[in-house]
Every structure is written in structure tokens, then in C-alpha cells.
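So you can see what is in the structure, the chains are spelled out below.
Number of protein chains: 2
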Amino acid sequence: MKKQAKAAINPTRAEDYPQWYQEVIKHSDLAERSPVRGCMVIKPWGYAIWENIKQVLDNMFKETGVKNAYFPLFIPLSFLEKEAEHVEGFAKECAVVTHHRLEKGPDGGLVPAGQLNEPLIIRPTSETIIGDSFSRWVDSYRDLPVLINQWANVVRWEMRPRLFLRTSEFLWQEGHTAHATKDEAITRTKMMLNIYEKLAEEYLAMPVIKGRKTPSERFPGAVDTMCIEAMMQDRKALQAGTSHFLGQNFAKASDIKFQSAEEKEEYAWTTSWGVSTRLIGGLIMTHSDDDGIILPPKIASSHVVLLPIIKNPKDRSKVMEFTESLAKELKDKSYAHRSIEVEIDDRDIGGARGWDWIKKGIPLRVEIGPRDIAENSVFVGRRDQEHNNKTSLKRDVFVAEITDILDEIQKNLFERAISLRKENSVKIDDTRKFKEFFTPENLEKPEIHGGFALSHWCGSDECESRIKEDLSVTIRCIPFDIENEKGKCVCCGRPSTNRVVFAKAY
Amino acid sequence: MKKQAKAAINPTRAEDYPQWYQEVIKHSDLAERSPVRGCMVIKPWGYAIWENIKQVLDNMFKETGVKNAYFPLFIPLSFLEKEAEHVEGFAKECAVVTHHRLEKGPDGGLVPAGQLNEPLIIRPTSETIIGDSFSRWVDSYRDLPVLINQWANVVRWEMRPRLFLRTSEFLWQEGHTAHATKDEAITRTKMMLNIYEKLAEEYLAMPVIKGRKTPSERFPGAVDTMCIEAMMQDRKALQAGTSHFLGQNFAKASDIKFQSAEEKEEYAWTTSWGVSTRLIGGLIMTHSDDDGIILPPKIASSHVVLLPIIKNPKDRSKVMEFTESLAKELKDKSYAHRSIEVEIDDRDIGGARGWDWIKKGIPLRVEIGPRDIAENSVFVGRRDQEHNNKTSLKRDVFVAEITDILDEIQKNLFERAISLRKENSVKIDDTRKFKEFFTPENLEKPEIHGGFALSHWCGSDECESRIKEDLSVTIRCIPFDIENEKGKCVCCGRPSTNRVVFAKAY
Numbered sequence: 005m006k007k008q009a010k011a012a013i014n015p016t017r018a019e020d021y022p023q024w025y026q027e028v029i030k031h032s033d034l035a036e037r038s039p040v041r042g043c044m045v046i047k048p049w050g051y052a053i054w055e056n057i058k059q060v061l062d063n064m065f066k067e068t069g070v071k072n073a074y075f076p077l078f079i080p081l082s083f084l085e086k087e088a089e090h091v092e093g094f095a096k097e098c099a100v101v102t103h104h105r106l107e108k109g110p111d112g113g114l115v116p117a118g119q120l121n122e123p124l125i126i127r128p129t130s131e132t133i134i135g136d137s138f139s140r141w142v143d144s145y146r147d148l149p150v151l152i153n154q155w156a157n158v159v160r161w162e163m164r165p166r167l168f169l170r171t172s173e174f175l176w177q178e179g180h181t182a183h184a185t186k187d188e189a190i191t192r193t194k195m196m197l198n199i200y201e202k203l204a205e206e207y208l209a210m211p212v213i214k215g216r217k218t219p220s221e222r223f224p225g226a227v228d229t230m231c232i233e234a235m236m237q238d239r240k241a242l243q244a245g246t247s248h249f250l251g252q253n254f255a256k257a258s259d260i261k262f263q264s265a266e267e268k269e270e271y272a273w274t275t276s277w278g279v280s281t282r283l284i285g286g287l288i289m290t291h292s293d294d295d296g297i298i299l300p301p302k303i304a305s306s307h308v309v310l311l312p313i314i315k316n317p318k319d320r321s322k323v324m325e326f327t328e329s330l331a332k333e334l335k336d337k338s339y340a341h342r343s344i345e346v347e348i349d350d351r352d353i354g355g356a357r358g359w360d361w362i363k364k365g366i367p368l369r370v371e372i373g374p375r376d377i378a379e380n381s382v383f384v385g386r387r388d389q390e391h392n393n394k395t396s397l398k399r400d401v402f403v404a405e406i407t408d409i410l411d412e413i414q415k416n417l418f419e420r421a422i423s424l425r426k427e428n429s430v431k432i433d434d435t436r437k438f439k440e441f442f443t444p445e446n447l448e449k450p451e452i453h454g455g456f457a458l459s460h461w462c463g464s465d466e467c468e469s470r471i472k473e474d475l476s477v478t479i480r481c482i483p484f485d486i487e488n489e490k491g492k493c494v495c496c497g498r499p500s501t502n503r504v505v506f507a508k509a510y
Numbered sequence: 005m006k007k008q009a010k011a012a013i014n015p016t017r018a019e020d021y022p023q024w025y026q027e028v029i030k031h032s033d034l035a036e037r038s039p040v041r042g043c044m045v046i047k048p049w050g051y052a053i054w055e056n057i058k059q060v061l062d063n064m065f066k067e068t069g070v071k072n073a074y075f076p077l078f079i080p081l082s083f084l085e086k087e088a089e090h091v092e093g094f095a096k097e098c099a100v101v102t103h104h105r106l107e108k109g110p111d112g113g114l115v116p117a118g119q120l121n122e123p124l125i126i127r128p129t130s131e132t133i134i135g136d137s138f139s140r141w142v143d144s145y146r147d148l149p150v151l152i153n154q155w156a157n158v159v160r161w162e163m164r165p166r167l168f169l170r171t172s173e174f175l176w177q178e179g180h181t182a183h184a185t186k187d188e189a190i191t192r193t194k195m196m197l198n199i200y201e202k203l204a205e206e207y208l209a210m211p212v213i214k215g216r217k218t219p220s221e222r223f224p225g226a227v228d229t230m231c232i233e234a235m236m237q238d239r240k241a242l243q244a245g246t247s248h249f250l251g252q253n254f255a256k257a258s259d260i261k262f263q264s265a266e267e268k269e270e271y272a273w274t275t276s277w278g279v280s281t282r283l284i285g286g287l288i289m290t291h292s293d294d295d296g297i298i299l300p301p302k303i304a305s306s307h308v309v310l311l312p313i314i315k316n317p318k319d320r321s322k323v324m325e326f327t328e329s330l331a332k333e334l335k336d337k338s339y340a341h342r343s344i345e346v347e348i349d350d351r352d353i354g355g356a357r358g359w360d361w362i363k364k365g366i367p368l369r370v371e372i373g374p375r376d377i378a379e380n381s382v383f384v385g386r387r388d389q390e391h392n393n394k395t396s397l398k399r400d401v402f403v404a405e406i407t408d409i410l411d412e413i414q415k416n417l418f419e420r421a422i423s424l425r426k427e428n429s430v431k432i433d434d435t436r437k438f439k440e441f442f443t444p445e446n447l448e449k450p451e452i453h454g455g456f457a458l459s460h461w462c463g464s465d466e467c468e469s470r471i472k473e474d475l476s477v478t479i480r481c482i483p484f485d486i487e488n489e490k491g492k493c494v495c496c497g498r499p500s501t502n503r504v505v506f507a508k509a510y
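First to last, the protein sequences are chains A and B.
Counting with our numbering, you get residues 5 to 510 for the letters of the first sequence.
Counting with our numbering, you get residues 5 to 510 for the letters of the second sequence.
Source of the hints: derived by calculation from the structure; they are not laboratory data.
Careful, some of the hints might be misleading.
[What the hints assert, rightly or not] DEER-style ranges, computed between Cβ atoms: (1) Glu390(B) to Glu206(A): 46 to 56 Å; (2) Glu107(A) to Gly355(B): 28 to 38 Å; (3) Lys30(A) to Ser264(B): 20 to 30 Å; (4) Asp336(B) to Glu122(A): 48 to 58 Å.
Idealized CB from N, CA, C, for every residue including glycine.
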């Protein structure tokens, strides 16, 4: 292995993966910890990614007839208690509002006052409060389906927070639908999962496996939880989105009834589905290298930075004029769902300037100096290539080809991620080999994990929880796209009809 | 006055204005009360207005260099206390989080558990939590200005809630900027107020008066609060947006310091500015009539509804084909910041169908029957005209002219609102006449108020608060666009250099 130049991120992935993750976020200027335990500040460069994800998803949702609405942040405790499994699933991570004002306390400082008759929970998810509205909106089969989404913040109290991946407050969308028939609700559950797959693969360049959760990993109160699972660079899995078929559980809890075409009173069939700012954590761990994040062009905060090179002050006006006219020309072009976004950075800070943009992961860096201008060309660096591998291109060629170059970068990132997953996904039938695959002693570094083991499972809770206890490995999903194949459970040896995906997970 | 057909909204404005407001919201399907005290559910038809407002504002903000970010929902009590006037201003309406989980209580039900060391306040506004980030982001004058906006929910506990106008939780944007000089911060404060004026007048068709609040009406902690004030149809004022120059108060509270070009350590100068879902309340009370809301085309949830008329089932395919091809043609056109949005309503419910859309305020209703198709024409009703005043237009003429028609509606609505304000804005110099103007006995209905009194004020807190106590009338603003004119205070008779706007207010 040839000696590498020092990387921009310290430590590197190989040296200390978890610390590397924190440093990438810091140096890419995506987010920061806040003084409020478990909460984060999403900085403009990170928030722009979320805005792009929102726009792409929102368009896809609306094409299927979904409409946006907004429901209260607060859920009365009694609402949450309506569905027994549901409240049990969230009780340990609820932020509770108990008072509605502040007043001077005995020692002169302010203390909570105006105690509420019933505590309010900050929504960890909104099935119960949205269900309450649905019960009023639905009378007849003619009112169905109801197809609603909301973009919102939610709170699930987190004792061991990690930026983007696990924060007490996070941003997400939650879709909630109600249908007249079970089949229609299941079709909708799958339809939304397919939208998440498309977002992940085509926009985030993050390959995912679609499948079904085991009963123990289901959303609290769901009949069936479908998910997309991605492999991170440390070979752990990230659950990147879920879509739940809720059967009639929440309709019964919230009394969502309708009169059918046959004039019978029936409970509706509901679904819910969501993705969150966690996707940005997945993006970082899918595409970053030891120089920082690499943003897939389709959801990048910005596409290209122009870096005027002005060594002699007398060149300034000529160089800036060229730079600004190029910026204008590029902004008039469109790529994916928006115009090409262009930054101009004329700070006089030497080599640090280029490195700032490498760490921030902008797809293209374009240097423009007097010599380039004389030749009517630009000097282009791609974030998916080595940082000193730059190419001189005629200005008009660059303008004409920029969308193709962006597409190439997008494709490269996806292919690299596919390769990583392929290299680290193994069919394992032997119990001993299965243990070895997931046992840190056999790995170079304890933070780099085995990968995805495609192994047989008998379907029992016992085997699932034994593996979880022994190895901290969970069944990420029962994949949809896998051939039926008979085998023996990797834990107990009993017969199995299907391989499932085992992995350590975030 | 000629006898009117019964209106769609019961009661009418004249009969019971406050109740009329509630009924308009219900029948237009904009929002509903939620079971959570003071909170509302914004339904899709209402939320779409907010999405349009967001898009228009977001574009205008970004053009001035503002970037979006996201900060925590929770504010530690100690942060809020950093600015004395600020915490005093919000203490009485704070939702307080005191616990972070639920556990089984003595009687088996769930109770709050895991008490926090420090209570967290749900943000009523974010100066202090954003200031904390700014203190980390700003070191040198080169880091300034910082221009940030966030789209978020906030909570200000409300004992007498009213949909859109006053709810415990509401949606808004809050901009926060930090600058190296006082002048630059004041320029930014005015710049954002001008953007709000543009949004209000050009998009919401809601005329506003720009001005400055008196010291007693300032944002808690601000040095100067600028505002836009609109007149509602009951002649009360609505504060529709505010932009605050915060001086160095919050920079000192949050320790936002920078090294100047002269290498001196200085506090930054900050601003904050916001508008909220309250604007939708203002929209309703500016444009609705006794048949429901009238949506200004530029921010309407949708522009046009196509109403196929199928009396004979054998006509269905022909009528639907014409309808759908017209819809497609219209959607390919753009208006203001987006494509023309088209609804198709083929419900077979008789006249109720047309009335549903009148109540929802869609700008254009287009009836399409076999006879229209035979003549290649459509039958168009405009929401700014009498409901039975419909016009037959050739299909191609309608398609060609639809954006002009929408512009005309937009203009009409603005002109009507201007007229109402003009008719009900009066220069009053006499104390007795001033009292009469605002005294219910002299009015037809107690819910319809005097209007805007342009009167002299000496500048004293005493006169301002006496008028407030006696008449429930406040100084809405000291208008920017008013000629200097000497006069005598309408309360005490002392000299004054300027008229101010007095009104009852929401």
C-alpha cells in the first residue's frame, strides 16, 4: 500500500470510525451539538441537504395524491395510551410538558407554574393525534382514502445522542393514510416504501435492501413494518426508512369508522410511513472519505464552487468578471429538480480555501486564473476523484457538459456503495462462521464490523434474541427480493424457508 | 338595499362577526380545533396557503443572502433568563418540559418520570438559543454578517385561542442576523420589513401600513420594533409581521463578540423578524364574504376547479375527456411562482358541488357540459364576482387569458381592501370624537369597530395606557409614510409632531 498524503479528517476511518464521523460533520459544517442535551443545530450546509430531500420526496408524495397538513406538537397522555403496544413502545423516551407558565420561585429564580390537568407529550410520532382528526373526517367510504403527510419535528428522548443518527429532537415527515380495504392499505404501504427506495438509491446514491421487519422489530402497534436498510462504511446497517401497515389497530384505538358501500359500519385500515434527518447521517457514512463528506450531486447543498485565483491585484476585475459571468451561465442550467447552484469563494486564504470545499463535499471545484481565462478554459476538480487530479476544460465544454459530469459523479458514488455492500455481504450457513463474522477479535478494528450475513432463521423469537444478546446482531429485515431457499437456522438448526439479513446496526 | 339570497355562511359578517369567522374556516376546510387546548389542525386546503407563503418568502429571503438552518425546539430556562425583558415578556405563556419519560404510577396509569435537572421551555421564539450558536460562529468581522432563517413551530400558551389568529402552537419563520455595525443591522431590519410588505400587498392582496411600535408595544428585549399593520373587515387592526432591531442587547446576553478590522473586541448588532400562520387569519378577515373565503390567486391553494356536468351517463366519457385535456393544458401554464393548479370535481351531488368551491374560495370555477363542448367553450365563474354571474368563453380564449383573469382577481381583491381601509381611516383631532369613534354604542354592531384613527400623540406612556384602558384602543404604529405635522395629543392636548395609528386590534 503506497504511502498516502495526510488526510483532511483526523482521525481517519481506519483509525477511529466513530470519532471520524464526528469530525466529518464538524469540518463539513453540516451541524453541531447544542447546549440542549441530545439536540442538534442543523447548520445551513446541512439544512440545504434536508431541503433537497424534502423537495424530492414532497413531489413524489404529491404525485400519488398525498396532501400536506399540520397537526399539534402536543399529544395528551390519554391519547397515547389508546393503543397499548404503542404507548409501551414510546413511554421511556417521552418529553413531558407539565406546566404552562413560569413564576418567581421562593429563591427569586423562575420556576414552572400553572400545572396542567393532563400532561402533554411532545409527539414522538403522530398516529394517535392524527387518528383523532381522521375519526372526524371519515364518515363514509366516499371519504376514503385519506392521504396525509406532515413535515414536522418530533422528540424521542435519547440518552446517548449522536448527530443526525440519534438525536432527542429530529426532523422528519410522517405520512398517515386511511383506506376502506386491507388490500388498498397494504398496496399503499408498499408504494411509499418504493418511494423511499427511489429517494435512497437515485438521489442519495445509497443502495438499500427492501424487506420486512421481524415481529420484535416492528413499529409499536403495527401489523407489518417494511423498511429499507443500507450498509454504512463500517459495515453496520442503518434503517433508512420505514412504512407500516397498521391494520385496524389504530382505527380501533381512534375510532376511525366508516359506512361501507354496503351500508355496514367498518373500521378503516391505516398506514404510516416516515423518513428523517437520520438520512443525512446515512449519507455521511455512505459517501464520506478521509477528506470529508462527498455530496451526491442530486441532493448536494450546492453543485459547484468557483475559485478565482488572483495573485496580482491588477487581475482582479478581469478574473471576477469571468467568474461571475460563468456563474450566471451555470445557474441558468438545471439539474435534477432545480437550477444548478453555484458558490463563489474569493477569500484570500491560500490552499485552505480548496480544502474547505473538499471537506464540505461540493461535487465540483473550478479554479479560474488569468492563464485559464487567456485560454478561455477552467480547471476542474471532482470530489469523487483524488483532490489533485484536476482537468483543464474549455469553458464552453464545461458549461455544456456539467450536467453529464454531475451524473457521472452521482453514478460513481452509487456504484462504490454497491461494491462495498457486495464485498461485505456473505451467505453464511455455519454457526461458528456466523459468530466469527460478527466477533470483533477477528477484525482489524473493533469499530469496523462484519457486514451483512445472509443466513437462515427458523422464525423463532428465541433464536432472534439469543443472537442479539450474544453478538449484538439483529435481523435487519426479511428481504423481499430473495429467492425461496430451504436451509437450517444458523442459531438452532431447525428448518428455514428463507435467508434473512443479519447485521450490527445503528 | 335589495334583498339578498341567503348567504352560504351563517351567521353573516353583519350578524355576528366572530362567529362568522369560525364558520368561514369550517366551511372552507382550512383548519379545525384540536383536542389539545389552544392548538389547531391545519387541514390540506389551509396548509397549501402556508406552503405558498413559505415558497414566496423563502425565495425573497434567499435573494438577500439569507440561509435556512434549524435550531432546537427546547430552550433551557437559564438561556431565556439571560435577557431580563425577554424572559419577563414570555414567562406567562411558556410550555415547560419537566420530565423525559413515563412510568406506571401508583394507580396503574402512566405518570411523568425522569425529572430534568433544568426545566426546558418550548421555544416561544429563538433569540437566545440561536444567539448561543452565533456566539460560536462569530470570531472576526470576516464572519459577519450572519444571515439565518428557520421555519419552525413555536409555542406561546394561549388562554383564549382563536384559529390562526391566536393559537398556543403556531408555525412561523424567524430570521436572525448579526452584523458588525449598527447601521447595517438597521438596514437589514427595514429590508425584511419591506419583504413582508411585498408579501402582504402583492401576494396576500392585503394592504398594510409600515411603521414603528411605541416602546410599550416593542418585542421584549428589542431596541426598535417595526411592523406591518392591516385593517380587517371588522375594522380592527392585525399586526401581520414584525422586524426587530435588537441593538446589542441579545449579543451581550449571548456573548456574540467579534474582533473588528481595527482588532478591537466588539459586540455584534443583531436583528430578528418573523411572520406566522396568523397571516392566514388576516387573509380570511381581509377577503372573505358571506359565502366564505376568497383566495387571492397568487397564494391560493389551487387556482381553478373544473366541474364536469354529466346529466346523461352516455356523455360521461366525452365530458371527462374534454375536462382532463383542459386540465392538462392549464397545468402546463405558470402563474406567479408555480404552475397553474387545477382541481377536477366530478362528484354527483347537485348544486352543493359548486357551493363547496365557492366556500373554499377557489378563484375560478369552470363548468363543462355537453353543450359547452359542442361549442368548444367553457362556462366560467369568478370568486370575486356574484356567484351566478358566469361567462361563456371559448376554450382557447380561456386558456390564453387565464393568467390575465387571475391577475384581475388579484388586483380587485387588493383594491377592495384598500377601499375598506380608506373608508375607515379618519384623521381625528378632537378628544370627544376620538372616543365616539371607538365606542360601541355609536356603532351598528358591537363587533364592528371604528377603524383607524390617525391622531396626534404626545409620546407619553401615560396617554397611551389611558387610551388603552378607557377604550381598549392601542397605538398600532407610528407610520413611516406620514408627513410631519404639528398638532395636539388627542388625549392630553400637549404638543405632538406626528400622527399615529390608533385602533382596536387582534
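Each hint tested on the structure:
Distance hint check: the CB atoms of Glu390(B) and Glu206(A) are about 50 Å apart, consistent with the given range 46 to 56 Å. For Glu107(A) and Gly355(B), the Cβ-Cβ distance of about 56 Å falls outside the hinted range of 28 to 38 Å, so the restraint is violated. Look at Lys30(A) against Ser264(B): about 27 Å separates their beta carbons, and that is inside 20 to 30 Å. At about 52 Å, the CB distance of Asp336(B) to Glu122(A) agrees with the hint of 48 to 58 Å.
In this structure, only the earlier hint numbered 2 is contradicted, and the remaining ones agree with it.
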